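Protein chains: 2
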Amino acid sequence: MSKAIYRCIELLRLLTNLQLPQANRMVRERTMYLLQWARPERIMATSNFPIKELRSTGPASRRRIWNLAAPHFGLILQEMFGHIQTLMKWMSLDQLCLHNKNPCTKFSQRCNPSISSHLSQLISHRREPQMAENLIRFGIVGCAEIARKVARAINSAPNSAVSAIASRSLDKALNFAAVNGLPETVKVYGSYHQILDDPCVDAVYMPLPTSLHRRWAILAAEKKKHILLEKPTALDVEELDQILDACESNGVQFMDGSMWLHHPRTAKVKEIISDPKLFGHVNYIHSTSTTSGTKQFLEENIRVKSDLDALGALGDLAWYCIGALLWAKDYELPIQVRALPDVTKNKAGVILSCTATLHWGKSSNETSATIHCSFLSHTSMDITISGTHGSVNVYDFIIPYQETSASFDITSGAKFAELHIGWNTKPEEIEVVNELPQEALMIAEFSRLVQAIRTRGSCPDSKWPQISRKTQVVMDAVKKSIDTDCRPVYL
Amino acid sequence: MSKAIYRCIELLRLLTNLQLPQANRMVRERTMYLLQWARPERIMATSNFPIKELRSTGPASRRRIWNLAAPHFGLILQEMFGHIQTLMKWMSLDQLCLHNKNPCTKFSQRCNPSISSHLSQLISHRREPQMAENLIRFGIVGCAEIARKVARAINSAPNSAVSAIASRSLDKALNFAAVNGLPETVKVYGSYHQILDDPCVDAVYMPLPTSLHRRWAILAAEKKKHILLEKPTALDVEELDQILDACESNGVQFMDGSMWLHHPRTAKVKEIISDPKLFGHVNYIHSTSTTSGTKQFLEENIRVKSDLDALGALGDLAWYCIGALLWAKDYELPIQVRALPDVTKNKAGVILSCTATLHWGKSSNETSATIHCSFLSHTSMDITISGTHGSVNVYDFIIPYQETSASFDITSGAKFAELHIGWNTKPEEIEVVNELPQEALMIAEFSRLVQAIRTRGSCPDSKWPQISRKTQVVMDAVKKSIDTDCRPVYL
Numbered sequence: 001m002s003k004a005i006y007r008c009i010e011l012l013r014l015l016t017n018l019q020l021p022q023a024n025r026m027v028r029e030r031t032m033y034l035l036q037w038a039r040p041e042r043i044m045a046t047s048n049f050p051i052k053e054l055r056s057t058g059p060a061s062r063r064r065i066w067n068l069a070a071p072h073f074g075l076i077l078q079e080m081f082g083h084i085q086t087l088m089k090w091m092s093l094d095q096l097c098l099h100n101k102n103p104c105t106k107f108s109q110r111c112n113p114s115i116s117s118h119l120s121q122l123i124s125h126r127r128e129p130q131m132a133e134n135l136i137r138f139g140i141v142g143c144a145e146i147a148r149k150v151a152r153a154i155n156s157a158p159n160s161a162v163s164a165i166a167s168r169s170l171d172k173a174l175n176f177a178a179v180n181g182l183p184e185t186v187k188v189y190g191s192y193h194q195i196l197d198d199p200c201v202d203a204v205y206m207p208l209p210t211s212l213h214r215r216w217a218i219l220a221a222e223k224k225k226h227i228l229l230e231k232p233t234a235l236d237v238e239e240l241d242q243i244l245d246a247c248e249s250n251g252v253q254f255m256d257g258s259m260w261l262h263h264p265r266t267a268k269v270k271e272i273i274s275d276p277k278l279f280g281h282v283n284y285i286h287s288t289s290t291t292s293g294t295k296q297f298l299e300e301n302i303r304v305k306s307d308l309d310a311l312g313a314l315g316d317l318a319w320y321c322i323g324a325l326l327w328a329k330d331y332e333l334p335i336q337v338r339a340l341p342d343v344t345k346n347k348a349g350v351i352l353s354c355t356a357t358l359h360w361g362k363s364s365n366e367t368s369a370t371i372h373c374s375f376l377s378h379t380s381m382d383i384t385i386s387g388t389h390g391s392v393n394v395y396d397f398i399i400p401y402q403e404t405s406a407s408f409d410i411t412s413g414a415k416f417a418e419l420h421i422g423w424n425t426k427p428e429e430i431e432v433v434n435e436l437p438q439e440a441l442m443i444a445e446f447s448r449l450v451q452a453i454r455t456r457g458s459c460p461d462s463k464w465p466q467i468s469r470k471t472q473v474v475m476d477a478v479k480k481s482i483d484t485d486c487r488p489v490y491l
Numbered sequence: 001m002s003k004a005i006y007r008c009i010e011l012l013r014l015l016t017n018l019q020l021p022q023a024n025r026m027v028r029e030r031t032m033y034l035l036q037w038a039r040p041e042r043i044m045a046t047s048n049f050p051i052k053e054l055r056s057t058g059p060a061s062r063r064r065i066w067n068l069a070a071p072h073f074g075l076i077l078q079e080m081f082g083h084i085q086t087l088m089k090w091m092s093l094d095q096l097c098l099h100n101k102n103p104c105t106k107f108s109q110r111c112n113p114s115i116s117s118h119l120s121q122l123i124s125h126r127r128e129p130q131m132a133e134n135l136i137r138f139g140i141v142g143c144a145e146i147a148r149k150v151a152r153a154i155n156s157a158p159n160s161a162v163s164a165i166a167s168r169s170l171d172k173a174l175n176f177a178a179v180n181g182l183p184e185t186v187k188v189y190g191s192y193h194q195i196l197d198d199p200c201v202d203a204v205y206m207p208l209p210t211s212l213h214r215r216w217a218i219l220a221a222e223k224k225k226h227i228l229l230e231k232p233t234a235l236d237v238e239e240l241d242q243i244l245d246a247c248e249s250n251g252v253q254f255m256d257g258s259m260w261l262h263h264p265r266t267a268k269v270k271e272i273i274s275d276p277k278l279f280g281h282v283n284y285i286h287s288t289s290t291t292s293g294t295k296q297f298l299e300e301n302i303r304v305k306s307d308l309d310a311l312g313a314l315g316d317l318a319w320y321c322i323g324a325l326l327w328a329k330d331y332e333l334p335i336q337v338r339a340l341p342d343v344t345k346n347k348a349g350v351i352l353s354c355t356a357t358l359h360w361g362k363s364s365n366e367t368s369a370t371i372h373c374s375f376l377s378h379t380s381m382d383i384t385i386s387g388t389h390g391s392v393n394v395y396d397f398i399i400p401y402q403e404t405s406a407s408f409d410i411t412s413g414a415k416f417a418e419l420h421i422g423w424n425t426k427p428e429e430i431e432v433v434n435e436l437p438q439e440a441l442m443i444a445e446f447s448r449l450v451q452a453i454r455t456r457g458s459c460p461d462s463k464w465p466q467i468s469r470k471t472q473v474v475m476d477a478v479k480k481s482i483d484t485d486c487r488p489v490y491l
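If you read the sequences in order, they're chains H and C. Just so we're aligned, residue 1 is where the first sequence starts under my numbering, counting upward by one. Just so we're aligned, residue 1 is where the second sequence starts under my numbering, counting upward by one.
Since no wrong hints were added, every one of them can be taken at face value.
Simulated coverage check for chain H against chain C, where a stretch passes if three residues somewhere in it have a Cβ under 8 Å from a Cβ of chain C:
id, segment
1, 285-294
2, 333-343
3, 355-362
4, 371-385
5, 392-398
6, 421-431
It should be emphasised that the hints constitute simulated quantities derived from the structure, not laboratory data. Note that the coordinates shown come from a computational prediction; the quantities given were computed from them, not determined experimentally. The C-beta atom is built at its ideal place from N, Cα and C for all residues, glycine as well.
Produce the entire structure from the sequences given, and follow the hints as far as they go.
Structure (structure tokens):
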């Protein structure tokens, strides 16, 4: 099995060296991720292999380590094969070889014999191949800026593909397809109704202004389309409940577009703050999401328009902070939510900046938290979690500084040095490598759930709609407190 | 002049190599600071020399750089000579040479001729030498744990020395002197009255429990002792005003023991957040000060006793956070202060943990802030300042991780990369080297002011008592809000 893994790595290296006409910057970047992913350290980390042992070991012991990791190789290989397949899809090679009965014939005409040889040997190791008919076909409803990022993610996730796009204007949709290099096979619609009627669309990604969510998400559910809905999910929880009811009664999966929840760093931080010895009880959480809007943004952007994204910075930015607090508290709802008096609104009454506090429990599970969101301050996206025995800081929790890895700081058991002239420890930076960008991991997870519904008759997973609903409930509470002169709102 | 600087550096190097019996760990560490301080880069930074030019310059241009920096050399040399003197004081060499009319005679008997030669040539460059009679003589009133750190600072600052110590118990005072290696010339008293009556004590450092501050600080002022008072300065501003009145009417200097304000990092951060282009308007500040008290601490420490430090975590920890907010806001008082409902108290009603919000202005100078302090959470001392164009994070603002340098993170002009798949920049870590620990810099500043009063008849500097008073006023407001069920308090 380990030979197969080595072969995968070798294949990735060879693919990297290809200079195909289709190989653009994204293809090269993608390949670099995969190669990075294929580093033995990464494989060990993925397979829960004791990574410290690896770090302290010289090259001579490499063989022993491979042997120790062998039990995990089956899964690794399967995952790695998926990556190679994705890469080849990027290079437009998948039609030529992977989906061909004799996969290597045409491929070998274009590539060097080594690749062909590696590939044919690897085919035998392949499990549950992702044939084209198994990919979840996405329709993108609305050509917002964020849709560019998600379109790329849909095409880089191993189990999905963009099948169609729609805008209210056909020209805008055609332009979107051209600018983002979508293949000609992607259908382009000038109406949301048309894309929802397309039987080749399994799921929709919906980056529409919040005020349009209820109408189009309910219609999509009625058309049996699974729904990935941009945040904030709705103007209030009553609207969201109508959307969720429609999803439930039509048996379709619902998920909101909070990408950061799918980054492996998020899971790693959760693991640490859940460790009673390392971290202890979560006492205090602070989270910010700010971005300094230009004059044009503050005058024209849909996020500050009362008829489009009426929740302003609360919906666009605090959604993340609220989601982060709930995530850290295992989705227990706070008992009290209160806005602070520093609310700034524009002339139309849309929130540009606000701060709020949240409190959980009165007994052993007590936690307090503060959040701050603003369109008026420099970019920040911090979450700081303070426990009895440790503290964690993440400074880029919503969008990591870079795509291929993300880090956070952990301090545990910090004491002052003799005479209190320093600390006995400094925060340790922990880096988490991600094989796919967080948005592609979100798409992959969503597509996995949709696939399970389609192929195995599974029920839609209730975890994701519940997360969205709780976030919306708390956001509503902040809004209510703002609207009632910062009175506390009890949940 | 630059030759003299080179000579200083060389002398420091030679001193480092000495293996004198008195050379303990602290001496070695101290010498390392000085050598670090003596790096050309550091000298340039101190003298406002354009450091970027130096970094981009090869060794060939060194000569040109020295010439450019020449105008600053007078001051640098003077400061460096002070450092050498401090070092020799540490090594118990000062009695042998610097304060001797023929300084090099005895010194050369013990040290190698190079040191002696360097020293004798340097004497000619010396300006305003700090003779023993010019050192500010400190009496330490109370042998608290923190007094150990401050005693060391008094003896390492260039213009001060510990002259006497006092405890209510003579045994405790004797033990303190022995444990901390104080010279036999230091007088030891078993009563606070005695030390205040000692005419050889110019100034007192007073690390007593807060409830004793009013009585002893007023008495010290009446005895014409300058006062360095540990924080929190008093139980409330009425008490503090009585202390400050006593200082003013007796013409003595007052300062509280907030060491971090004296670290050069603090000035550097201030410079950055005051830069309109780099940082813009300060919109939001968040600061925490937490430490996880052991069971014993939470039961027995004076900081949780209602008759000793009745303000608990608010006085001991939030003092720093409040001070940091006021510092960031150029000591403008907030208009509103409000505690949050997460207050935790012990059975005696002493605050163990609390959170509060502060708001400034309603117009262009609006700022909001949150602070959190706790004896129940893992060590943290963060201040995050969020401006229109930049943000700054300091994670060890009260006690830096290490003594010799401290850093902070600055991000300015951060935007998202194309497709929002990352950032265009990451926080830059800026390191600030400090020639003396922050507590020694505090002592040096306090002693400088006392010296000016003594030798030039200057008035006591009103800056430091004003800072203490504003901090106390805001602390009182948080306390009042806590005591009135979290009602807002308007200032």
